[in-house]
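Produce the entire structure from the sequences given, and follow the hints as far as they go.
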Amino acid sequence: MQFSDFLSAGGGLVDSVKIVFFRMLPRGAQIEKVRAEINSGLLKKYGKVTKLEIDKENKTISADLDLNGEKESVQIRLSNYRLIQEDGKNPVFEIVAIEVSREWIDSLLKTLVKSSVIPERMEVKNQLHQTVVKSLL
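For the sequence shown, this note's numbering begins at 1 and goes up steadily by one.
Calculated directly from the structure, the hints in this document are not laboratory data.
Backbone N, C-alpha and C fix where the C-beta goes; we use that ideal spot for every residue, glycine too.
Mixed in with the good hints, there may be bad ones.
Calculated pairs, EDC-like style, for lysine to aspartate or glutamate (alpha carbon to alpha carbon, straight line, at most 20 Å) [unchecked claim]:
(1) K89 - E120
(2) K134 - E37
(3) K110 - E94
(4) K134 - E120
Computed spacing ranges between beta-carbons, pair by pair [stated by the list, open to error]:
(5) V113 - V20: 30 to 38 Å
(6) Q75 - E120: 18 to 26 Å
(7) N58 - Q85: 14 to 22 Å
(8) K71 - K134: 32 to 40 Å
(9) S101 - M24: 31 to 39 Å
Put into structure tokens, the structure is as follows:
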């Protein structure tokens, strides 16, 4: 799954309207919209994000997750991320460090990244997704 898959997107005019409305939202509402989209899409089968914080200045993303089968919430932190934009190319989201409060999940993620099952760099192809990451990151 690509990072860009975390939001559901329509085509053409639908995306254009979504982009305009997303840009009109205050930052907090934008983050809440992303949290809700992650919960209804990517995490639907696994649990939900109860808290999402994006610190653009310090390049950190923190989330609290209530995962099915876990008694306590799980904290995940992405730090030192980068959004790379080269002329004429789609932006690329690069994750430098991931930390998870559950040791086994932390080890699993690091193994999956090391073995390239989960890429360290992800191209953001969809125009709507590009608007979201450029606005929030």
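Index of numbered hints that the structure contradicts, given in increasing order | As far as the earlier hints go, not one is violated by this structure.
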